[in-house]
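With the hints as your guide, set chains B and C onto chain A.
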Amino acid sequence: MIYRFLAILLLWAGVASAQDMEAPIQQVLQEHGEIIQKSSRRTIGPAIDTLAASGLDDAQAVLERWQAREMWFNKETGAFVFGEEGENRTLILSDVAGGDLGTAPKGDYKQLKPNSGIRGLIGAALVQFQLTAPDAATRAAALDAIERNPEASHLAALRAVTDEPDAELATRSARLERLLTIEFDEDDAARIAAIEGFEGDLGVDVRAALNPLVQTELSFVAAGEADAPLQIGGDITRDDAYALLVSAGEAEAVVTSGEIKEALIANIDGAEVQGIRVAALDTDDARASTYALLSEAGLARPQVTEADINATLAGFDFFRSYTNAPLDVALAAQAVLSGIETKVAVNQTFDLGLDALSLASIYFLAAIGLAITFGVMGVINMAHGEFIMMGAYTGYVVQLFITDYTVSILVAIPLAFAVTFSAGVAMERLVIRWLYHRPLETLLATFGISIALQQLAKNIFGTQARPLTAPGWLDGSLVINDIVSISYIRIAIFVLALLFLALFLFVMNRTRLGLEVRAVTQNPRMAASMGINPDRINMLTFGFGSGIAGIAGVAIGLYAKVTSEMGADYIVQSFMTVVVGGVGNIWGTLLGAGLVGSMQKGIEWLNPSNTLAAQTYMILFIILFIQFRPRGIIALKGRAAEA
Amino acid sequence: MSMLLEVDGVSVSFDGFKAINNLTFQIGEAEMRAVIGPNGAGKTTFMDIVTGKTRPDEGKVIWGEKSQNLLAMTEAQIAQAGIGRKFQRPTVFENQTVAENLMLALKNARGPFSVLRFKAAAQDREKVAELADQIGLLGALARKSGELSHGQKQWLEIGMLLAQDPQLLLVDEPAAGMTPDEREHTTEILVEAAKTRAVVVVEHDMEFVRRLNCRVTVLHEGSVLAEGSLDHVTSDERVIEVYLGR
Amino acid sequence: MADMALHGVRRPLIVRHPSLLIFLTCLALFTVAVTLLAEGVGMGVISTSFVKTLGKTLCLCLVALAMDLVWGYTGILSLGHMAFFGIGGYAIGMWLMYARTEIIVRDSLAQAPLPPTVTEISDGIANQIFGVVGASEFPAIWALAHSFPAQLAFVVLVPGLLALIFGWLAFRSRVTGVYLSILTQAMTLALSLYLFQNDSGLRGNNGLSGLQNLPGFDDVPQSSVSIAFFWASALALALGYLLCSFIVSGKFGSVLRAIRDDEARVRFLGYSVEAYKLIVFVITAMIAGVAGALYYPQAGIINPAEIAPIASIYLAVWVAIGGRGRLYGAVIGTAFVSLLSSWFTGGQAPDINLGFAVIQWVDWWTILLGLSFVAVTLFAPKGIGGLIDLIEERRSPDRHGADLGPDAGALREKEASK
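Sequence lines, in order, name chains A, B and C.
Under the numbering used here, the residue at position 279 of the first sequence is numbered 279, and the numbers go up by one with no gaps.
Under the numbering used here, the residue at position 217 of the second sequence is numbered 217, and the numbers go up by one with no gaps.
Under the numbering used here, the residue at position 155 of the third sequence is numbered 155, and the numbers go up by one with no gaps.
With the rest of the complex left out, here is chain A (with noise of 0.2 angstroms):
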């Protein structure tokens, strides 16, 4: 025991021999010694203001530590020291200045103890550091605490830097400061200016800094003392404004069914409530009149009737009022919001342009298949969403084998385009080639075969979706604004829509295929007697149309679930696309695509919470559009349209 005790002296003597009290930043705590150790909010102002401004290195490390609890003074002393607590109540000190001090018992040292409110203080003179610190990231860090938390205490800290080396940084700075002169600035001038400065800005964060400015209040004066009261029935409710009374006290709240029905039951006497039969209480006027004699009885306060409400009505004034600013900061925000909310309406306009389009793209890419086979060569193929389907499992196994999605991507398209090439030559052949001219047995057949490729798919691959993922370069968004941003993936398959048109204008007008299959489709036998194939040209279109189904199989999967219905969730859209264009014309397609397409998103802008009511009100537009164009926007005209 003695020698343990010596030897905590002996480190005492050794400690305090290396405290150096002449530190600079040691004689500026001690300068505020009595005030850092009264530790008081109200006081300790001046003591951090210091600090933060002594320009010393080691200013920083003080007030973080301190701010963690972690600085202690002596208690004869008077030194302030670092300290954490060791083992068997000792501290491991280390001096302010830096340098390390030993271990000492706890006893001999206070920890200063700093309340919520003194860290507050702490913390915004330390973002001061943090902002002028060596390192960017740091920089950056300490911008992203304000963003996230801004206190009034940082505008002054923002102010204070004025040589932000990094361009970026800086105007983020410089932005910051004017959202928080809206926010914390005393100064009204001041905030108007910033305000004003944010004129037609789009950021989030400026609406976010200038909405709770332009928050109303609905309150009341005495009847005759309001400028300009509110008109009861048209600018506020009734039930509002009485509500607004009762809940400040100078009403009486109406007595609703619920309280009436309590009251009767409380009342029951026997089988009577004030002389009437219980059983006869089955409507709302039987109630009410019972209830009327219950208060009259003083069984019960009495109804407010709709003349009370009238009358007490008649005694007050409402209005509305700023709450959250003074009133010209509020107006001119108001100003300024209004003008912000017409920019962001033309850019969510834009947005959904944009939306609009790449949903197009997404319907132009299920029904170009099918313009092909249906379009050209008359052919109803109800499987068409299965070889969607099959392409985007195609893609799905690819990825199974090649886990670099850029190369299964790569590798997947031209798979896919084989797979259901194949198949639908197979089905050509098979089924179809019968069929020709039966428009409805093939629809039918068709049908057959959607159905058990459905099935199928099911049967092999389960019923829960498969995920198709995108190569990396096509993850996150082309962002423009706040408001309009599109992901990388919608503009690939705007950009593969406008290929696949590329693709089908020059196979059809530029190869001999598409002028054999053109000749096939306006003559079949003049085309065989010219020493053409009809069969094999079919077979070969449709061959053609089923493989980029399958092509945009692989679009769609990347951009939404891969389940053995994706297919039929488009089929019927594609076929309004394709009908709603115009058969047999692709430009058709293309309009028809983007018809469907800005409809759809149109409607649902109108109508934000329901995807569902969007795609109903959608058909059932395209059914009344038939109406007035029964051939589709690009109609064919003359005999060949009723061939």
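Hints in this document: simulated from the structure, not taken from any laboratory.
Mixed in with the good hints there might be a few duds.
Label pairs and their calculated CB-CB ranges [unchecked claim]:
hint : chain 1 : residue 1 : chain 2 : residue 2 : range
1    : C       : Ile301    : A       : Gln231    : 49 to 57 angstroms
2    : C       : Gly346    : B       : Gln88     : 52 to 60 angstroms
3    : A       : Gln464    : C       : Val45     : 38 to 46 angstroms
4    : A       : Gln464    : C       : Ile165    : 37 to 45 angstroms
5    : C       : Ala305    : B       : Asp8      : 58 to 66 angstroms
6    : A       : Lys458    : C       : Phe50     : 22 to 30 angstroms
Heads up, the beta-carbon is just placed ideally off N, CA and C, and yes, glycines get one too.
Structure of chains B and C alone, referenced to chain A:
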């Protein structure tokens, strides 16, 4: 003689191609008229316009004593107003018997509800038998019309046309694919019909037209090139040019 | 011979259609046999649930009759008749659900110290019914749900009206063939998507349930209720068959078949093709509504999935397998396929062990159905009805492969009977 059908300044174009170009055509009651012209002259389109199948871009088509505007009527209304049509290809209902085909065409109420309540009266059956006799199909009344020969189908269609009892018959190549005897018989039926009503026959076969012995209208590129007796039109320079080339 | 052909149109319906008599007799015998064998009233060989299955099958046969009339006879391949069927089910289901919930709510409110007011009862019912979709008020379409006659009328009026509006729009603009099929499919899809919404007022994807419990008949066991519904379904099927036979016989039927084979020609004969199509479309929609109203109380539950387009496609499959253009074909095909289907999917069919894999019919039945449907379309367009032609030794006319009319819906040579 008042005109039964007046087609005035009618034009129609399909995707830029003028199938009918400022066509004017008139026919009176109880008149036989042959319409001839090379392929693409607009003969079938002309019939399509009169029967309401094709709507013209401009022009007027006026019908009957009440001067009804045919352009505002549907095909069914035009047919009910008294215009019957026989197609180039015989179109009879192949899966139904000859009797059913004739009964369908017989002039009776056409509304769905009266048809639902319809019971063939004695006079209807007599009329059907009489028509069948006239077209030589009395013995085939119970047969499916799909089993008939090509010529018999042509006759059945003419019989259906007569059963409709129209004031104007539009007949497209009635003699196509018929034996000489059958043509003879067809001519008789048409000539007989033209005694009580207007008949317009579109035909390629000059011999057949000669036997009809009637006024002839020559169509070319969608308008009337010449009109008159067969001898008159066949001596017309322009008609020769159009038919034979130069 | 000529006389026979002409007088054929005048003899009574039964004589003209001997199949009608045979059908009605078979149906009557079947009904009596099932009744005698049933659990509730007879020997107990047939379980109540199987009686319900048979009753439901009869309802499906009835809607198949409607489908045959509109497709087999008139050539309109409607993919919307199961939607009308579903609407009929919803219409009657609303009353069943309302009336039963009302009894429950009244019972529970009767325990309260005060007698309930009308609003309290109605709020209670609304809470019970719409609690699952987070609503507690009656949507406007439930305004007459308390009235049995009104909902009964809606069973035919709503499908009829919808068919009238849709048909008028579609036929007026001369949408035919596959376009019409796709349009009807779109209509069905729109309806089912609409019903899937929670705020459609019909409980979203929960649908209506508990329909097997007849309000006020809680004491009657399901075994008896099932027989009652079985009888009602059989009666409805018999009446439907009579009505359809009446429509397709005589001149009206002749016009319908003519429209199917060559509608342009019918127009030039002076018939308003659109009016005929519209009438057939509306009548068959109403028949489908009645069939649905009888089906769903036996099924016990209806939800929007029942209206999905695939259901209407199956309907076409049944009719095609039975043989379109003949009424008994629709009935036979439907009964055959739907019973076979419930046997296979019910897990009763034995698995087939191929050594390397086991074929479980629950998974593979749909594939078999799809492929056999393709086979029927390709090789046996007359369907099961073709067997009857074989028995009767009827031949098809030899048309060397030509169709019987230029229209897409026209019968093929292989389908026509002599």
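Now the hints, each set against the structure:
1. C/Ile301 to A/Gln231: 49 to 57 angstroms: holds, 51 angstroms
2. C/Gly346 to B/Gln88: 52 to 60 angstroms: holds, 57 angstroms
3. A/Gln464 to C/Val45: 38 to 46 angstroms: holds, 42 angstroms
4. A/Gln464 to C/Ile165: 37 to 45 angstroms: holds, 40 angstroms
5. C/Ala305 to B/Asp8: 58 to 66 angstroms: holds, 60 angstroms
6. A/Lys458 to C/Phe50: 22 to 30 angstroms: holds, 28 angstroms
Going down the numbered hints, you'll see the structure goes against none, and every one checks out.
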